[in-house]
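A.B. asks: Listed below, chain by chain, are the residues.
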Amino acid sequence: MGPVGEGPRLAGARLVGLAFGGMTCTCCMTLALVVLSGFLLALVVPWLPGLERRAPGWAIGILPAVLAGVLVAHAPDVMDGTVMRESYAWVPQLGVSLSLRLDGLGLLFALLVTGIGALVMVYSGAYMEGRPKNGRFYAFLLAFMASMLGVVLADDAITLYVFWELTSLTSFILIGYEHERATARQAALQALLVTTGSGLAMLAGLVMVGLLAGGFGFAQWEAQAVALRGDAWYAPAMLLILIGALGKSAQFPLHFWLPNAMEAPAPVSAYLHSSTMVKAGVYLVARLTPVLGGTVLWAAVLGIAGAVTWLVAGWWAMRVTELKRLLAYATASTLGLLMMLMGLGTERAMAAAMVVLVAHAAYKGALFMLAGVITHGTKHRDLRRLGGLMRTMPVTGALGLLALAGMAGLPPLVNFVAKESVFTAVWQLRWMWPVGTVVALLGGALGFAAAGRVAWRGFHGFPRKGAPLPGKIVLEELAGPLVLVAASLLLGIWPGLLNGVLSSATAAALGHPARLHFALWHGLSAEVFLDALALAGGVALLVAQVPVVRRMAAVERAARWNSERGYDLALTGLNRLAAWQTHVLQSGKLPAYLRTILGVVAVLVATTMIVRGARPATAAGQEIGFAELALCGLVLAAAGFVVRSASRLAAITALGVVGTGVALLFALGGAPDLAMTQLVVETLTVILFVLVFYHLPRFGPAATRAERFRDGAVALGAGAVLALAVLWASAAPLDREVARYYLQRSVSDAHGRNVVNTILVDFRALDTLGEITVLAAAAVGVFALLRLRIAGSQPSLKKADCHPAAPSEKGRQP
Amino acid sequence: MTGASIILQAATRFLVPVLLVISAVMFARGHHEPGGGFVGGLIAVVALALNVLAYGPASTRRLLRLEPRTLLGLGLLVAVGSGLVGWLIGKPFLSSVWLGEGSGDSTPVTLGTPLVFDAGVYLVVVGMAMLIILSLAEE
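In the order they appear, the protein sequences are chains A and B. First residue of the first sequence? That's -11 in this note's numbering, and the numbers climb one at a time after it. First residue of the second sequence? That's 20 in this note's numbering, and the numbers climb one at a time after it.
In short, the hints are calculated from the structure, not lab data. Backbone N, C-alpha and C define an ideal beta-carbon position, used for all residues, glycine too. Among the clues, some could well be false.
Computed, partial: chain A to chain B, Cβ under 10 Å [stated by the list, open to error]:
| no. | residue |
| --- | --- |
| 1 | D68 |
| 2 | L656 |
| 3 | P660 |
| 4 | T671 |
| 5 | H739 |
| 6 | G740 |
| 7 | E759 |
| 8 | A764 |
| 9 | V770 |
| 10 | R777 |
Every beta carbon over 12 Å from chain A, so not counted as near; a handful from chain B, in silico [what the hints assert, rightly or not]:
| no. | residue |
| --- | --- |
| 11 | H51 |
| 12 | V65 |
| 13 | R81 |
| 14 | R84 |
| 15 | L85 |
| 16 | G102 |
| 17 | V135 |
| 18 | M147 |
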């Protein structure tokens, strides 16, 4: 067993020890280091030199390769049933900990993440060669890898959710990596909104289950599985969690973001959007099957969503012509198959899902990398413009054909074994077998047709006229596909190699031990005939494509009103609503703002006073002398002058008199700090007025008579209400406890005799820190607004409102 | 702004240093008497704003040496940094730490992290106000 409940300090010592002791010592491996090393390297990578060359791909690929090696070294223990666990206190006040575990399921996914990660890093070296700012690319790719390892090794729901959202964020950045293109930005935003939006639903579900179970650890959940499934909150919690899983794994009707995500560079598509991140949803479903699985609702949701996605996305994979979009639809289709198998939940279905997962990661990762090579070589990725790749790019073409054979499910590649397992799983269902078998036949035929179409249109025959000759292809671009295709062949010929890993993964997902035996050839069983039937269907689809598509034209037209259209409408609507309410609330006219603020304050305070039955009282015990009366008179006279003045300069000066008078009242009332600050602020206000004087609109009664009466009423009303409120407040018996506390402690605790200052910088320093942060933010905001206006790019107000008849400004208008 | 009156310019030459000294005094005595980083910073801003009116923003920028934005960030960093001192020795964030505290003698301690924090407030106030004033003056 691993170190359970280890304190952070001890863990820190272990991390340091491992870092200095070298990676060879796997006996002291910590799962935290496996997860965090990617983040650490991501912090360092951008500062490395020479990232525009190919070599760094190899260097960075060392980390995932080493991690994969470490995991392989632990594989025998895990397959024997050992579960490594680690837990670190994170937010102990909330009972949240960073918990990790390595069991069969985690091992399978972690091996995929690190193994394909190493290949993708090497491939990236070639694909990203010569581009500037590659540091960011590698940093985010590494951060993604670390986040994904966090997802698949998490042992509690909070840890899983945090890493889950980190994968969404890194995916967002990587899809929009070429952010100069508007389409890339839109696709990134769409993927982010769909995956994090569904992720929020999932968080709600996880929290619900956490509250039901009294904790967030998966082990705790598994122990209470029966009670959880019987709870009235089971259905809503489970459905919310499934929304997250289905959104992340691009399932119908949330599938549309995945084809658009193909705006990402090829390494990202190969890594995030085919072999790892999009499988996070599948992983979550497998992880939670022992907790929430096995009910009719669970099976129905996953089975229906999965089957529909398998067929709908499979259809579109056969229809689109853009190579990467085609592969993306095929990916969504396979993810649908995986979800459906998870929904079936039998041991055979779970085993089939595991082998489909491995097979898909191998062939689809290879195909995405090859699509990048083809795009680099021919400058095209549309099937209508490609052709004859076997002649122009023989090595790429050969690898591509092998990978496509894998996608089509031909022997002796591992996907053939996977397909046989799928047929076994659906054929041996109890009463659902006819539906399952038909769906599997259709899905298999569509998959074959999509692969066949790419092979026929892209690889066969001669290049299209005017197609550019491919440039030189380097080893790094083909190393990844070569390894993956070789793995497909190897595992296809000796599928027994998968028995151990997939048995332990299946056992972890089922919650009870499982012994699987995969073989390429089972003899002439029903599966073989079903497979032959699916292949025949695929060939038929390929040959009769034109008439079939014509038959389906009406369905496709109806499908234009799909969920993506809904997403667009929702986004446009939200933007319109935001624009409308900004327009209403932010008129840009200061008098309107003042009127709103004062009016709202007056009405709310007056309502409160009336409801509470406030009786304004004269402030008792306050001596009002001649000086106070004289100051009040001065302030009132100056205020009256401001309102009547015909000259702005005179009005500003009179306002200064009002402020100074109030400051003097503070001084008389025994608040020297306040008086001093008020005086300086008054001075500064006058200076600011002088600075903006020439930019202000023409002075004068801009409003009609009625509007001026309204403004006067608001001003007088607000003033009256606030005066009454002050009288009411000062009449109430004041609790002197707080004041006494500060007066007593100021010298002894804060070593200062100025209580105001000790409160500001010591007792309540956090408040002050917040206030100065607000000040800084406001200053930056003012600065930005002024800069924007000077640049003239986005005048926030109409020119006429801002500076009419300003002679100094006219000469500078662009 | 270059055509400012010679009287204003002559007075400014005399007033700016005086105001800056007052600002420093206000800041330093704040812990025991009325004053402190906020009002001290504001008085420094008054001095600098006077300079803007008399000699223009370019001259004031030279006087200030640092960009107002830099002052702003520096002030926040100083304030947060003063809070980290207490945190690093195991107290809650922003707890005050005093030089010579607890040594037993009765001399009043006046040097500690609250003064550093107040210096951060001072810098933020100067940075904020000068960022706005200089932007407006340069428009």
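A.B. asks: Can we keep the A/P660 interface hint, with Cβ of chain B closer than 10 Å?
C.D. replies: holds, 4 Å
A.B. asks: Does A/D68 meet its interface restraint, that is, does its C-beta lie within less than 10 Å of any C-beta in chain B?
C.D. replies: violated, 44 Å
A.B. asks: May I ask you to check that B/V65 keeps its beta-carbon over 12 Å from the closest beta-carbon of chain A?
C.D. replies: B/V65 not clear of chain A: closest Cβ-Cβ about 6 Å, inside 12 Å.
A.B. asks: Over 12 Å from every CB of chain A: does B/H51 meet that, or does the non-interface label fail?
C.D. replies: violated, 4 Å
A.B. asks: Tell me if A/E759 is really an interface residue toward chain B, meaning its C-beta lies closer than 10 Å to one of theirs.
C.D. replies: The hint holds - A/E759 has a Cβ within 10 Å of chain B, the shortest such distance being about 9 Å.
A.B. asks: Does the closest beta carbon of chain B sit nearer than 10 Å to the beta carbon of A/V770?
C.D. replies: Holds. Min distance 5 Å.
A.B. asks: Is it correct that the beta-carbon of B/M147 has no partner in chain A closer than or equal to 12 Å?
C.D. replies: Nearest chain A Cβ is 4 Å from B/M147, so the label is violated.
A.B. asks: Measuring Cβ to Cβ, find out whether B/R84 lies farther than 12 Å from everything in chain A.
C.D. replies: Given that every Cβ of chain A is farther than 12 Å from that of B/R84, nearest at about 18 Å, it holds.
A.B. asks: Are all C-beta atoms of chain A more than 12 Å from that of B/G102?
C.D. replies: violated, 7 Å
A.B. asks: If I take the minimum Cβ distance from B/R81 to any residue of chain A, is it greater than 12 Å?
C.D. replies: Consistent with the label, B/R81 stays out of reach of chain A, its closest Cβ about 19 Å off (over 12 Å).
A.B. asks: Holds or violated: the hint that A/A764 contacts chain B, with Cβ atoms closer than 10 Å.
C.D. replies: Hint holds; A/A764 Cβ to chain B Cβ min 5 Å, cut 10 Å.
A.B. asks: Going by Cβ atoms only, is A/G740 closer than 10 Å to chain B?
C.D. replies: holds, 4 Å
Checked against the numbered hints given earlier, the structure breaks hints 1, 2, 11, 12, 16, 17 and 18 and satisfies all the rest.
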